[in-house]
Amino acid sequence: MNVYAPILVLGIIAAAFAVLSVGIAPFTGPKRYNRAKLDSYECGIEPTPQPAGGGRVSVKYFITAMLFIVFDIEIIFLYPFAVAFDQLGWFGLIEMVIFIGTVFVAYAYVWRRGGLEWD
Amino acid sequence: MSMVELTFLMLSGVAVFSALLAVSTTQVVHAALWLVLTLGAIAGCYLLIGAEFIAWVQVLIYIGAVVVLLLFALMLTRAPTGPDSATTTSNRNVAAAVSVLVAGGLAAIMVSGFAGERLAPPRGGVGSAASIGDAIFGTWVLPFEILSLVLLAALVGAIVLTRRGPERDNGAPGDVPERAQH
Amino acid sequence: MNGLFGTESWWVVIAKAVLIFLILVIYTLFNIWFERRVVAKMQHRIGPNVHGPFGLLQSLADGVKLALKEDIVPTAADKVVYVLAPILATIPAFMAWAVIPFGPEVRIPFTDTVTPLQLTDLPVGVLYILAVTSIGIYGIVLAGWSSGSTYALLGGMRSSAQMISYEVAMGLAFVSVFMYAGSMSTADIVAAQAEDMWFALPLLPSFVIYLIAMVGETNRAPFDLPEAEGELVGGFHTEYSSLKFALFFLAEYVNMVTVSALATTLFLGGWRAPWPISLWDGANSGYWPVLWFLGKTLIFIFVFVWLRGTLPRMRYDQFMKFGWKVLIPAALLWTMAVAVVRRIRLDGGMDQQTVLIVGGIAVTLLLVIAFIPERKQPADDEEPAETDAFAGGYPVPPMPGHQETRPDA
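Protein chains in written order, with my numbering: chain A, 10 to 128; chain B, 235 to 416; chain C, 581 to 989.
By construction, these hints were calculated from the structure, which means they are not laboratory data. Each residue gets a CB set at the ideal place from its N, CA and C atoms; glycine is no exception. There could be a bad hint or two in this list.
[Unchecked claim] Counterexamples of contact, computed for chain B against chain A with all Cβ distances above 12 angstroms: (1) SER252; (2) LEU255; (3) ALA256; (4) VAL257; (5) LEU271; (6) SER324; (7) SER333; (8) LEU335; (9) ALA341; (10) ALA342; (11) GLY347; (12) GLY350.
[Stated by the list, open to error] Examples of chain B residues toward chain A, derived with CB under 10 angstroms: (13) PHE251; (14) VAL300; (15) ASN327.
Using the sequences and the hints given, assemble the complete structure.
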C-alpha cells in the first residue's frame with residue numbers, strides 16, 4: 010500500500026489548508042453583525058419562512074439519483090471489462106451486450122414514463 | 235502486530251464507532267454524514283487487504299451515489315431535516331433485536347470463514363481490475379446477468395412509486411401535453 | 581519511514597506533494613486572471629490590468645480582499661455542516677491530482693535522486709479520480725442544505741443533480757480509452773498513446789462526449805445553471821462569505837483544471853510533446869514535458885472561457901434532456917461500437933482504422949443533429965401554467981411538472 014502514502018500526504022496538506030482558511034476567517038474580517046445580516050438572503054425581502062417539514066424538492070431529483078446509481082454500477086462493470094477486454098473474447102462481449110441491453114430496457118422504461126422530463 | 239494490521243484495526247474501529255453514531259444521532263442529515271464516514275473507513279479496509287479496485291468502487295458507488303440518493307430522499311420527503319428530526323420510534327426494541335441478530339449472524343459467518351487467518355501483505359494483481367474482469371466475465375456470468383435484472387427492477391420500482399402521486403393529483407389534463415411531445 | 585513511502589524517500593514525496601499543491605493554487609490564481617482577461621478581450625473591454633504586470637496579481641488581491649471580509653454564519657444555518665461544506669469541497673479537488681502525470685522521470689536538481697513527475701501511480705488511477713471527485717458533490721449539496729436558505733437549497737440540489745447526470749457520460753467516455761490502453765493507470769495511458777497515437781483521433785466521439793461532460797460536471801457556462809443569477813442568486817454558496825466562499829471558488833477552478841488535465845492525459849497524449857515539437861529529440865525528456873502538459877491544459881481552460889464568452893446559459897430542462905437523452909445513449913452506443921470493432925480487429929478482421937473513423941464521424945454528426953431540434957421547441961410550450969402561488973400564505977414558485985390551478989378565490 011506504499012502507493013497510497015503520497016496520496017495521504019497530499020490529502021493532509023489540502024485538509025490543513027482548508028481547515029486553516031475556515032479557521033482564520035472569523036478573525037481576519039470585521040465583526041459587525043446585526044439581525045438582518047444574519048438572516049437568509051432573499052434579495053432584500055423578509056426571508057420566506059421555511060415550510061413545515063423543511064420544504065419539498067421535486068421527485069425528479071430522486072429519479073435522477075436512482076438512474077445515476079444504476080448507470081454508475083453499469084460503468085464500474087464496464088471498467089474491468091474494458092481493461093480485460095483483449096482476453097475476454099466474444100463470450101465476454103456478448104455478456105456485456107446482454108447486460109447493457111437489460112439496463113437499457115430500464116432506461117427506456119424511465120424515458121417512456123416521463124422520468125427524464127424536466128419542465 | 236504489523237503496521238497494516240494496526241491500521242486495519244483503527245479503520246474498523248472508526249467504521250463501527252461512526253456506524254453507532256449514525257443510528258444514535260438526532261439529526262438525519264448528520265446521520266447520513268456519519269454513514270459516509272463508515273463507508274469511507276470500510277473502503278480503507280478494502281485498500282489494506284489489497285482489493286484496490288473494490289475500494290474505489292466502494293467510494294464511487296456508496297459514497298458518491300447511494301448516500302447522495304439518501305440525501306435527496308431526505309430532502310424530498312416530508313420528513314423534517316431540522317434538529318431532533320431522527321426521533322426514535324416505538325419499533326426501537328425490535329430494531330435493536332434484529333440488528334443484534336444480524337450482527338451475530340455476520341460475525342458467525344466471518345469466524346467460520348476466516349478464523350485464524352492473518353492479514354498478509356497484499357499479493358500483486360489479486361484485486362486488480364483485469365483479474366476482476368476475468369473473474370466476472372469468465373466465472374461469475376450468471377450473477378452478473380441477474381444483477382442487470384435487479385437494476386431493472388429497482389428502476390421500475392422507483393418510477394412506479396414516484397409517478398403515482400402526481401398523476402393522481404393532476405388528473406389527465408396535466409399529463410396529456412407532456413406525453414404528446416414524443 | 582522509508583518503507584512507508586515505498587521506493588521513494590520521504591522528502592521526495594513530501595516535496596512533490598507540496599509542489600503540486602502550490603502549482604494548483606498558483607495556476608488557479610493565473611486562471612482567474614486569464615479568464616477575466618480573455619473574456620474582456622472577447623467583449624472589447626480591457627479587463628484587470630492594474631495590479632502587477634498585466635494585472636497578473638489581480639486574483640491575489642481579490643483573495644486578500646475576501647479574507648478581510650466579514651465571516652457570516654446565518655442564524656438559520658446548521659453550524660457544523662455549514663463550516664464542513666467548504667472543506668469537503670476543497671480537499672477532493674486537490675487530491676485528484678495525486679495520479680496526474682506531469683512528465684517523465686527526471687533528476688531532481690542538485691541531487692542524484694531520480695523520480696517520476698507524478699506523485700503516485702495507481703493501477704486504478706482514473707477510477708480513483710472519478711471516485712475522489714464524486715466526494716466533492718457533498719460540499720455542494722451540504723452547503724445548499726446547511727445554509728437554511730431557499731436559494732441555496734435549490735441551487736445545491738440543481739448543482740448536484742447536474743453533476744451526477746454528467747458524471748455518467750464522463751464515466752462512459754473513459755471506457756473506450758481503457759479498452760485501447762488496456763489499463764486504468766494514467767501513466768500507462770500516456771505510454772499507450774506514445775506507441776499508438778493520441779486517443780482523441782481514433783476515439784473522437786469519446787473525446788467530444790468527455791468535453792461536453794466536463795463542462796457540465798464543473799458547472800461552467802453554458803451549463804452554469806446552479807449559479808443562474810436571475811433565478812437563484814448565487815446558488816449553493818449564496819450564504820457564504822469571506823474565506824469560506826473563497827474555498828468554493830478555489831475548488832471550482834481547481835476542478836476545472838483537473839478535468840482539463842484529465843482530458844490532456846487521456847486524449848491528448850499527456851505530457852508528451854505535440855507533433856512539430858516532438859521532432860526535436862529532447863522534447864520528451866527533462867523538465868520540458870511540464871511545459872507541454874500545462875500548455876495543453878491551458879488550451880482546455882481557454883475553451884472553457886471561450887464557451888463562457890460565446891454561449892448563453894441553457895435552461896435546466898434542456899440541459900437535463902440533453903444529458904440524459906442524447907449524451908448518455910450516444911456514449912453507450914459508441915462504447916459498444918468500439919468494443920465490437922475492436923473484437924473484430926483482434927480476430928484479424930477488417931481494417932479497423934477506417935471503420936472507426938467513419939463510425940466516429942457518423943456518431944459525432946448524430947450528436948450534432950440531435951442537438952439542433954431543441955431550439956424549435958418553445959412553440960408547443962404555449963399552454964399557460966396556472967399556479968396558485970399564494971396557497972401557503974407566501975409566494976411559492978410551482979414545482980416542476982406540478983401545474984395546480986388557482987382556486988376560485
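Verification of the supplied hints:
1. SER252: Nearest chain A Cβ is 18 angstroms from SER252(B), so the label holds.
2. LEU255: Holds, since 21 angstroms exceeds 12 angstroms.
3. ALA256: Label holds. Min Cβ-Cβ 20 angstroms, cutoff 12 angstroms.
4. VAL257: Correct as stated: the minimum Cβ-Cβ distance to chain A is 21 angstroms, above 12 angstroms.
5. LEU271: 14 angstroms, holds
6. SER324: Since the minimum Cβ distance to chain A is about 21 angstroms, SER324(B) lies beyond 12 angstroms and the statement holds.
7. SER333: Answer for SER333(B): holds, closest chain A Cβ roughly 24 angstroms.
8. LEU335: 28 angstroms, holds
9. ALA341: 26 angstroms, holds
10. ALA342: 29 angstroms, holds
11. GLY347: 23 angstroms, holds
12. GLY350: It holds; GLY350(B) is separated from chain A by about 23 angstroms at its closest Cβ, greater than 12 angstroms.
13. PHE251: 20 angstroms, violated
14. VAL300: Given a least distance of 6 angstroms, the restraint on VAL300(B) holds.
15. ASN327: 27 angstroms, violated
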